[in-house]
Amino acid sequence: MDEGPLFALPGRIQPQWTERRAAQVRAAIERRVRRRRAARWAMATSSLILAGYLGFVLLARPNPAELAIRKPASAEISRTPSTPAEPTATPLTADTELVVDPQGAGRAFVLRRGSARFVVTHDERRPFRVRVGPLVVEDLGTIFSVARLSEHELNVAVEEGHVAVLCEDSRAEIGRGQQRTFTCPAAEEHARDTPASAPAPTTPKVVDRQAAPAWRMLAERGRYREAYDSLRGASEPPVRDETHELLLAADTARLSGHSGEAVPYLRRVLVRHGNDPRAHLAAFTLGRVLLDELARPAEAAEAFERARAPRGPLAEDALAREIEAWARAGDAQRAHGMALEYQRSYPQGRRMRAVAKFGGL
Amino acid sequence: MMAFRPKLELVHSVVKPLASAPLDFDSLFERYAGHVARVAARMLGRDDADVDDVVQEVFFTALPRLGRIHSEEAARPWLMTVTVRTVHRVLRRRKWRRLLLGDSSVADVPATGVTAEQRALLARIYRALDEIDPKSRIAWILRYVEGERLEEVADACRCSLATAKRRIAAAQKFLMEVLGDG
Chain A
0 MDEGPLFALP
10 GRIQPQWTER
20 RAAQVRAAIE
30 RRVRRRRAAR
40 WAMATSSLIL
50 AGYLGFVLLA
60 RPNPAELAIR
70 KPASAEISRT
80 PSTPAEPTAT
90 PLTADTELVV
100 DPQGAGRAFV
110 LRRGSARFVV
120 THDERRPFRV
130 RVGPLVVEDL
140 GTIFSVARLS
150 EHELNVAVEE
160 GHVAVLCEDS
170 RAEIGRGQQR
180 TFTCPAAEEH
190 ARDTPASAPA
200 PTTPKVVDRQ
210 AAPAWRMLAE
220 RGRYREAYDS
230 LRGASEPPVR
240 DETHELLLAA
250 DTARLSGHSG
260 EAVPYLRRVL
270 VRHGNDPRAH
280 LAAFTLGRVL
290 LDELARPAEA
300 AEAFERARAP
310 RGPLAEDALA
320 REIEAWARAG
330 DAQRAHGMAL
340 EYQRSYPQGR
350 RMRAVAKFGG
360 L
Chain B
0 MMAFRPKLEL
10 VHSVVKPLAS
20 APLDFDSLFE
30 RYAGHVARVA
40 ARMLGRDDAD
50 VDDVVQEVFF
60 TALPRLGRIH
70 SEEAARPWLM
80 TVTVRTVHRV
90 LRRRKWRRLL
100 LGDSSVADVP
110 ATGVTAEQRA
120 LLARIYRALD
130 EIDPKSRIAW
140 ILRYVEGERL
150 EEVADACRCS
160 LATAKRRIAA
170 AQKFLMEVLG
180 DG
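Protein sequence lines, in the order shown, are assigned to chains A and B. With numbering that gives the first Met the number 0 applied, the first sequence covers 0 to 360. With numbering that gives the first Met the number 0 applied, the second sequence covers 0 to 181.
Since the hints were made in silico from the structure, they are not lab data. For every residue, glycine included, the Cβ atom is placed at its ideal position computed from N, Cα and C. There may be inaccurate statements among the hints.
Anything over 10 Å on all C-beta distances counts as not near chain B; from chain A, calculated [claimed, not checked]:
| hint | residue |
| --- | --- |
| 1 | S258 |
| 2 | H272 |
| 3 | A314 |
| 4 | D316 |
Part of the chain B face toward chain A, derived, beta carbon under 8 Å [unchecked claim]:
| hint | residue |
| --- | --- |
| 5 | L27 |
| 6 | R41 |
| 7 | D46 |
| 8 | A48 |
| 9 | I124 |
Pulled from the structure, derived: some chain B residues nowhere near chain A, Cβ distances all over 12 Å [stated by the list, open to error]:
| hint | residue |
| --- | --- |
| 10 | I68 |
| 11 | R75 |
| 12 | P76 |
| 13 | T80 |
| 14 | R91 |
| 15 | L98 |
| 16 | D154 |
| 17 | R165 |
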């Protein structure tokens with residue numbers, strides 16, 4: 000092409016590049032350098048912090064000694080597909096008292112109260128154990144929950160694997176998906192205050208009491224409304240003919256607002272387990288239900304009469320309530336006669352004012 | 000000749016380590032900032048903040064790479080390449096601004112020592128250059144305004160020699176058509 004004057008013109012362009020302008024550009028470059036350096040520092044610092052945090056999260060393992068004071072995470076059992084290398088224990092209720100057994104080298108706990116879930120990798124050389132009174136639950140590679148029901152009774156639910164329940168020489172095993180209640184009755188007998196001349200207790204045995212029904216677990220945790228719903232919804236007769244369970248069923252009905260349904264359970268205790276020491280309590284409770292909540296004073300009076308075991312802990316209260324019941328039933332003469340009896344037996348009685356009122360003294 | 004040899008050896012032994020030493024940013028900036036600003040102004044057809052931005056960007060990009068450039072002479076083509084790339088970005092941005100915002104204002108072309116008629120002609124040239132592809136515009140400026148050789152144009156534009164020629168020819172043809180006999 001021709002390099003004529005037309006196309007030579009752009010070559011005449013000369014920007015006003017002064018020292019001041021150059022200094023301004025240099026200052027801008029330095030500012031950008033400082034900003035880039037600060038950004039790199041911030042990036043490096045945050046990366047280090049993040050790496051440190053991730054390392055802490057990944058490497059930190061639970062210390063079994065801390066589990067005893069850990070708050071319960073949730074009452075619900077979450078299923079874990081595989082077991083970790085170290086055993087973990089999670090309390091399932093707020094009142095759970097779970098402590099590390101100092102003799103177990105980090106693989107044994109004592110469940111003093113409540114219930115807890117355990118995730119354990121089986122180690123034949125170091126079996127994992129949970130002690131509940133005289134009973135010991137030993138893992139055979141598993142995830143399981145243990146609930147302490149009483150001094151000598153526990154409930155075990157196995158999610159994975161097997162566990163063995165031990166009571167001295169006695170042993171029972173349960174597997175995945177099973178839930179059983181065990182007791183150590185001989186140990187229970189032994190634990191009671193028995194005379195020195197009493198015969199020696201028999202060898203303690205693990206007694207499998209079959210699976211504890213849901214309503215019972217709920218009632219023992221004080222969740223009476225849910226227990227009542229579960230009790231009503233059960234397909235099979237859910238309440239066994241045992242004093243403890245009948246009383247618990249009565250409490251479930253009564254404390255969930257269904258007092259009338261408590262009566263049959265309490266009557267059944269009196270009829271079938273009249274010699275049980277808890278029969279007086281059942282009779283007194285029956286009297287209260289009939290008098291206070293069902294307005295059936297005559298029947299209540301009979302129940303209170305039954306509760307009046309001589310020198311029993313409920314004798315004074317039962318007599319006073321019986322007087323009230325007879326008075327409400329319209330039998331003033333009988334109430335008066337019994338009031339005189341109360342006055343003789345308990346001259347300083349706590350219920351003297353009520354007795355005087357209902358007995359016409 | 001006998002006396003000349005020792006002198007050559009002495010110069011060689013001193014220059015060699017200096018050549019391999021990393022470049023000093025201050026001296027590089029002092030030497031080439033004006034050149035970069037001039038090339039940018041000729042490519043952009045302006046002498047405004049865009050030129051300052053180009054100079055700043057070129058030397059900010061150069062700063063962490065100083066260790067890889069072993070002489071100020073070697074820095075020149077490299078700085079030219081970075082300048083071309085940066086100017087190309089500015090031209091593209093300017094083109095989009097014209098398309099989207101309708102910004103058709105033409106700044107005063109910073110030519111010194113030209114008549115009013117020549118200044119008007121210069122404005123026409125840059126208005127025409129605004130119409131062509133920025134890559135062709137840059138190649139044409141490098142070749143005919145800066146007087147670079149075709150190989151240097153290709154190096155600066157990071158393209159083949161054939162592509163550089165094609166871009167220059169396209170720009171030249173368009174300018175001839177638009178400006179006619181000038």
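Do the hints match the structure? See the list:
no. : hint : verdict
1   : S258 : 82 Å, holds
2   : H272 : 91 Å, holds
3   : A314 : 97 Å, holds
4   : D316 : 93 Å, holds
5   : L27  : 12 Å, violated
6   : R41  : 5 Å, holds
7   : D46  : 4 Å, holds
8   : A48  : 10 Å, violated
9   : I124 : 6 Å, holds
10  : I68  : 17 Å, holds
11  : R75  : 17 Å, holds
12  : P76  : 20 Å, holds
13  : T80  : 19 Å, holds
14  : R91  : 20 Å, holds
15  : L98  : 24 Å, holds
16  : D154 : 21 Å, holds
17  : R165 : 14 Å, holds
The earlier numbered hints that this structure contradicts are 5, 8.
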